[in-house]
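The chain contents come next:
Number of protein chains: 2
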Amino acid sequence: MTITITAFERSPDGGRGLARDTRVRWALEEVGLPYEVRFVSFRAMKEPAHLALHPFGQIPTYEEGDLALFETGAIVFHIAHRHAGLLPDDANARARAITWMFAALNTVEPPILELANARLLESDKSWFEERLPLVEDRVRNRLKQLSARLGDAEWLDGAFSVGDLMMVSVLLRLKPSGLLNEFPNLVAYVARGEARPAYERAFDAQLAAYRASHRPAD
Amino acid sequence: MTITITAFERSPDGGRGLARDTRVRWALEEVGLPYEVRFVSFRAMKEPAHLALHPFGQIPTYEEGDLALFETGAIVFHIAHRHAGLLPDDANARARAITWMFAALNTVEPPILELANARLLESDKSWFEERLPLVEDRVRNRLKQLSARLGDAEWLDGAFSVGDLMMVSVLLRLKPSGLLNEFPNLVAYVARGEARPAYERAFDAQLAAYRASHRPAD
Numbered sequence: 005m006t007i008t009i010t011a012f013e014r015s016p017d018g019g020r021g022l023a024r025d026t027r028v029r030w031a032l033e034e035v036g037l038p039y040e041v042r043f044v045s046f047r048a049m050k051e052p053a054h055l056a057l058h059p060f061g062q063i064p065t066y067e068e069g070d071l072a073l074f075e076t077g078a079i080v081f082h083i084a085h086r087h088a089g090l091l092p093d094d095a096n097a098r099a100r101a102i103t104w105m106f107a108a109l110n111t112v113e114p115p116i117l118e119l120a121n122a123r124l125l126e127s128d129k130s131w132f133e134e135r136l137p138l139v140e141d142r143v144r145n146r147l148k149q150l151s152a153r154l155g156d157a158e159w160l161d162g163a164f165s166v167g168d169l170m171m172v173s174v175l176l177r178l179k180p181s182g183l184l185n186e187f188p189n190l191v192a193y194v195a196r197g198e199a200r201p202a203y204e205r206a207f208d209a210q211l212a213a214y215r216a217s218h219r220p221a222d
Numbered sequence: 005m006t007i008t009i010t011a012f013e014r015s016p017d018g019g020r021g022l023a024r025d026t027r028v029r030w031a032l033e034e035v036g037l038p039y040e041v042r043f044v045s046f047r048a049m050k051e052p053a054h055l056a057l058h059p060f061g062q063i064p065t066y067e068e069g070d071l072a073l074f075e076t077g078a079i080v081f082h083i084a085h086r087h088a089g090l091l092p093d094d095a096n097a098r099a100r101a102i103t104w105m106f107a108a109l110n111t112v113e114p115p116i117l118e119l120a121n122a123r124l125l126e127s128d129k130s131w132f133e134e135r136l137p138l139v140e141d142r143v144r145n146r147l148k149q150l151s152a153r154l155g156d157a158e159w160l161d162g163a164f165s166v167g168d169l170m171m172v173s174v175l176l177r178l179k180p181s182g183l184l185n186e187f188p189n190l191v192a193y194v195a196r197g198e199a200r201p202a203y204e205r206a207f208d209a210q211l212a213a214y215r216a217s218h219r220p221a222d
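Keeping their order, the protein sequence lines are chains G and H. For the first sequence, the residue numbers in our numbering are 5 to 222. For the second sequence, the residue numbers in our numbering are 5 to 222.
Derived from the structure by calculation, the hints contain no laboratory data. Quick caveat, the model's predicted, so the values are computed rather than measured. Worth double-checking, as some hints may not be accurate.
Since copy identity is lost for identical chains, a pair holds within one copy or between any two.
Stated by the list, open to error - Below, simulated SDA-like cross-link-like pairs (lysine to any residue); rule was C-alpha separation at most 20 Å, straight line:
id: 1; residue 1: 129; residue 2: 119
id: 2; residue 1: 129; residue 2: 155
id: 3; residue 1: 129; residue 2: 140
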């Protein structure tokens, strides 16, 4: 059954792979599933056809036969749950890997989103410069705790899992900020994620799409 | 096997049930599992014994035999996955219910957390009054989209599921802000959640704990 995901027609991230379709592409590559991509414009994302698929008007979405899903975490979990390669067999280890996925999305990512909002939506405000360090400290606190837990382990809990896939993806958003560099073990952790052949394939695929969409008209 | 969760020794929410242990209590009540609660002080939450259980120094945690979990979403998912009552039997419907759980935690809750941070951590700042409407609009945008999707349905996708449990729990955090009142169908949706006997038992249990901890010393 063909899997079709959606991605930005013209990604605004400069080809850095920070749009959330990269997370889904990575999961699909880890379990070895082929997929197709339908590109959606910013305008089309807010129109009824796409909103029927994604009530919050975002990408990615996931279609497979008569199943339609939205929300990156749910899509990545679905892939990990249905196919071997991203979750351990042992039930308790499985629950712990899933725990890290939720921790990435609901504990580590929210302050990172707040930082992104500050930079993207409030950089022209009078308070921007003074407020930025407060927001950065919220991110830093989480990184400090994560760094302490990871220590010199390779991955968060035993072998690489969907929890690492999601945590690395969330941390990648911090690269432009330089904040990650304060935690060398997290830098190395993210680099291990990026060095996985499945991540490289996912990154290259989104980069090819980015370049195609930003090519000058023939 | 005894299930033990952790909760604030002295909840800072005035007994309104907004601390995240209420979400876990609710899930346990929905599936009919008894549980014990270990109360943790703010000081103990940041000490090594608790950090070993919860790397981000928060509550709730979940212990059952040799399984130890943290992160509310992961705990609630674990309960829903292992016990009947919170997920539909049909595989596709199950994936959609899980989708709503992730949407609650990673799309709807982040702007609500940002609003909570503004009120809790920045109310003494010079920019607070001017910035607040911007943050409220971020929440409002998500509520508008959620309200449009819900329409006049009772729950988000068919029967009540773990997706509704999480979405209602996230929306409950907005009650003090008044923002929810702009969307009557969401107000009714949250009220339906609160009217469930399992929610009422969970709410009453956390309230009893709150009252016991705030009782003047005998």
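Hints, one by one, checked against the model:
Taking CA atoms no more than 20 Å apart as the test, residue 129 paired with residue 119 passes in both settings, with 14 Å inside one copy and 17 Å between copies. Taking identical chains as interchangeable, the C-alpha atoms of residue 129 and residue 155 are never at most 20 Å apart, the minima being 38 Å within one chain and 36 Å between chains. Taking the shortest alpha-carbon separations for residue 129 and residue 140, both the intra-copy value of 17 Å and the inter-copy value of 16 Å come in at or below 20 Å.
In this structure, the one hint that does not hold is number 2.
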